[in-house]
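There are 2 protein chains.
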Amino acid sequence: MNSPRKSPSTPLRRNLAEEVTAGLREAIVSGRIQPGSPLAEPVLAAEFGASRAPIREALIALEREGLVEFNDRSRTRVRSLSARDFEEICSMRIALESLAARLAATKWAAEHTEDIEENLRQQEQAATLGELSRLDVKMHEYVVNLSGHRRLVAAWRGIRWQFEMCLAYTHRLQETLAFEPRRITVDNHRRLLGALASGDPDLAARTMGAHIESSLEWSLAEFPAIANGKTKLPKAFRTRDQGRGDEAVPALSASVVVEQP
Amino acid sequence: MNSPRKSPSTPLRRNLAEEVTAGLREAIVSGRIQPGSPLAEPVLAAEFGASRAPIREALIALEREGLVEFNDRSRTRVRSLSARDFEEICSMRIALESLAARLAATKWAAEHTEDIEENLRQQEQAATLGELSRLDVKMHEYVVNLSGHRRLVAAWRGIRWQFEMCLAYTHRLQETLAFEPRRITVDNHRRLLGALASGDPDLAARTMGAHIESSLEWSLAEFPAIANGKTKLPKAFRTRDQGRGDEAVPALSASVVVEQP
DNA sequence: GGTTGCAAAAGTGTCGACACTTTTAGTACC
DNA sequence: GGTACTAAAAGTGTCGACACTTTTGCAACC
Chain Z
1 MNSPRKSPST
11 PLRRNLAEEV
21 TAGLREAIVS
31 GRIQPGSPLA
41 EPVLAAEFGA
51 SRAPIREALI
61 ALEREGLVEF
71 NDRSRTRVRS
81 LSARDFEEIC
91 SMRIALESLA
101 ARLAATKWAA
111 EHTEDIEENL
121 RQQEQAATLG
131 ELSRLDVKMH
141 EYVVNLSGHR
151 RLVAAWRGIR
161 WQFEMCLAYT
171 HRLQETLAFE
181 PRRITVDNHR
191 RLLGALASGD
201 PDLAARTMGA
211 HIESSLEWSL
221 AEFPAIANGK
231 TKLPKAFRTR
241 DQGRGDEAVP
251 ALSASVVVEQ
261 P
Chain P
1001 MNSPRKSPST
1011 PLRRNLAEEV
1021 TAGLREAIVS
1031 GRIQPGSPLA
1041 EPVLAAEFGA
1051 SRAPIREALI
1061 ALEREGLVEF
1071 NDRSRTRVRS
1081 LSARDFEEIC
1091 SMRIALESLA
1101 ARLAATKWAA
1111 EHTEDIEENL
1121 RQQEQAATLG
1131 ELSRLDVKMH
1141 EYVVNLSGHR
1151 RLVAAWRGIR
1161 WQFEMCLAYT
1171 HRLQETLAFE
1181 PRRITVDNHR
1191 RLLGALASGD
1201 PDLAARTMGA
1211 HIESSLEWSL
1221 AEFPAIANGK
1231 TKLPKAFRTR
1241 DQGRGDEAVP
1251 ALSASVVVEQ
1261 P
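Residue numbers (the numbering used here), protein chains in the order written: chain Z, 1 to 261; chain P, 1001 to 1261.
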C-alpha cells in the first residue's frame, strides 16, 4: 500500500464528472435551474459534494451541449434561449437530419421499419405532450444514429438538449393542446417513415427537411411569443440577445433548406 | 499578502490551457506528432512546463475538434483519419456550408464581394499548394462566419482542423501539381462568388454544395489512395477503422447532398 | 520456446491549496 | 441623495499530491 486512505467509505465512484454533467443537465433542461442563473464552481462543488475538478469538466461538457455559456471572465451561467436561438436550432436540425435521412435511407431494412412503427404506436398512446415529444425526439435520434455518420451524430448531440429545453418551455406554457397536433405529428411521421423505407435518399432527405420545417412552423404558429419576444415565457427565458452587435435574426424562410419536390 | 509566493518570476501568464491547445493543435495538424501517438497528461505537462489541469482541458478541447480521441480507459491518442473520416468531413462541410451560403446570400453586400475578390487575387498568386489551401479555407470560413449562425459556426469549427489535417497529408504527398487544379479551384470560387452576390439563397446553397463536392471528387481522383486504403500515406495515417463493429463506409454519392440545378 | 504470475511503472480521477482577479458591500465624502 | 474609494468576499486558473487502475517488464515455470 502507498499512503493513508482518505475515506475508505467512498466505494470508488468513478466518473464523478459525468454524474455532475447528467445532474446539471437534467436540472437545466427541466427548468429547475432558471436560465441566466450563475453556476459558480465552488458552489456546485459543495452541492455535489465534489471538488472543483469534476465540476469544471462538467461545465465544459455542458457548454459543448449549449446549455451553459461562459462569460468573458469565464464565469458560467445557464444559457438563455432566444427566438433567434430557437431558429438556429431548427435550421441546424434540418441541415443535419436531412443528411441523416439520406444516409439512413440507403441502409434501411425491415427491422428499422418495425422499430419506428413500434415508436409510432407509442406516440399514438402518449398521454401527455411531453411524452409525445420524448418519443418524437427518440425517433429522430434513431434516424441520426442509423446514418452511421459519427460527426453528424456529434453535431446533432451538440444541439439536442437545447432543443429539449425549448420543448420543455413551450410545453410548460401549454400542456393541453394535444389532440389535433398529435394526429398531425404522427401522420407526418408516417409519411417520413415511408420515405425512409422507400430507400430513395433524395426523397428521404426532402421529406425529413419538410417534416422538421413544418413542425417548426406549427410551433411558431402556436407560440408566436417564442418567435417575437412578446412572450409569456418565464422572464429569464425572454432574452434579448446580449451579443456584441449581433446581426439581426435571419428570416425563418431563409434559414430553412427548401427542397423542391 | 496571504502566503508565500511560489514563483515571483512567473509573469502572470493566463490561459495556459489555450496555449497548450494551440501548441498541440499545430503539432498535430502539421503532422509533427504522428496520428496514433499517445498523449499522456504527465508527459505533456512536463513538456509544456505546466500542471495536468490545463493539459487536461486542452485535450478535451482537442477532442472536441476531432484531433485526438479518448479510448475506453480515457487514454488519449492523436486521431487517425481514415477514408471514411475524410468522407464524413466532406459531407458535413457540404451540409453546413450550403446552409451558410444560403444565409450569407441573404445579407450579401458589396464589401463582401470586395473581400472575396481580394482573397481570390491572393489565390491566383499563391506560390504553393499549401498556401492556396489556406486561402481556400479562409474564404469558406468567411462565408460561414457571415452566416451569423452561431451553432453552424460552432459545428463547422468542430471539423475545421480535421479538414486541414487531411489537406496537410495530401499535400505532403503531392506538393507539385498546382497549376491545373489551381485554375479550376479559382474558377469554381468565382462561380461561387457570383452565386453568393446574386442574393439568391437557393442558388448560393446549391453552388456551394456543388463546389465542395467537386473539389472533393477531384481530391479522390488525384489521391485514390486516400479513398481506398491502398495508400501511399504515412503509415499511421492509414487506419482501418478500429471501431467496434462499425458499419461500412456509405458510398460517397450517398453521403453527398445532391441538389438539382 | 512460450505462458503465467507478479511487481514496478505509468496513467487517470479527484482532491485541497494558493495566487490572482473581479464583484460586492460598505463607508466616507461632496 | 449621489459618488468615489476601499476592503472583504467570491470566483477562476493553476499547482502538487494521493488513491486507484491499467500496462509493462521480467522472471519463474511448463
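Think of the hints as simulated: they come from the structure by calculation, not from any bench.
Yeah, the Cβ is synthetic: ideal placement off N, Cα and C, and Gly gets one too.
Worth double-checking, as some hints may not be accurate.
Said to hold, decoys possible - Below are the SDA-like pairs computed for lysine to any residue, each with C-alpha atoms no more than 25 Å apart in a straight line:
no., chain 1, residue 1, chain 2, residue 2
1, P, K1107, P, R1032
2, P, K1138, P, R1032
3, Z, K107, P, R1032
4, P, K1138, Z, K107
As the list claims (entries may be wrong) - To spell it out: a stretch of chain P is covered by chain Z in this simulated footprint if at least three of its residues, at any positions, have a beta carbon under 8 Å from a beta carbon of chain Z; those stretches are:
no., segment
5, 1054–1064
6, 1086–1092
7, 1095–1101
8, 1135–1143
Claimed, not checked - Looking from chain Z toward chain P, a few residues come up when the C-beta cut is under 10 Å (computed):
no., residue
9, A53
10, R56
11, G66
12, E87
13, S98
14, H149
15, A155
16, I159
17, V186
18, D187
19, R191
At least three residues with a C-beta closer than 8 Å to a C-beta of chain Z: is that true for the segment 1054–1064 of chain P? n = 4 at 8 Å, threshold three: holds.
For the hint on Z/A53, does the least C-beta distance to chain P fall short of 10 Å? 7 Å, holds
Verdict on chain Z covering the segment 1135–1143 of chain P, where coverage means 3 or more residues with a C-beta closer than 8 Å: violated (count 0)
Given the hinted pair Z/K107 and P/R1032, is their alpha-carbon gap at most 25 Å? This hinted pair is violated, its Cα atoms lying about 39 Å apart.
Should the interface hint for Z/R56 be scored as holding, given a Cβ-Cβ cut-off of 10 Å against chain P? 8 Å, holds
Check whether the Cα positions of P/K1138 and P/R1032 lie no farther apart than 25 Å. 23 Å, holds
When the nearest CB of chain P is found for Z/I159, is that gap smaller than 10 Å? 6 Å, holds
Restraint outcome when Z/V186 is required to lie within 10 Å of chain P by C-beta distance: With a minimum Cβ separation of about 27 Å from chain P (threshold 10 Å), the hint on Z/V186 is violated.
With a cut-off of 10 Å, does the beta carbon of Z/D187 approach a beta carbon of chain P closely enough for the hint to hold? Hint on Z/D187: violated, closest Cβ of chain P at ~26 Å, above 10 Å.
Quick one, is the Z/G66 hint okay against chain P at 10 Å, beta carbons? 7 Å, holds
Do three or more residues of the segment 1095–1101 of chain P come closer than 8 Å to chain Z, measuring C-beta to C-beta? holds (count 4)
Taking the closest Cβ pair, is Z/R191 under 10 Å from chain P? Result: violated, 21 Å to nearest chain P Cβ.
This entry does not satisfy hints 1, 3, 4, 8, 17, 18 and 19, going by the numbered hints stated previously.
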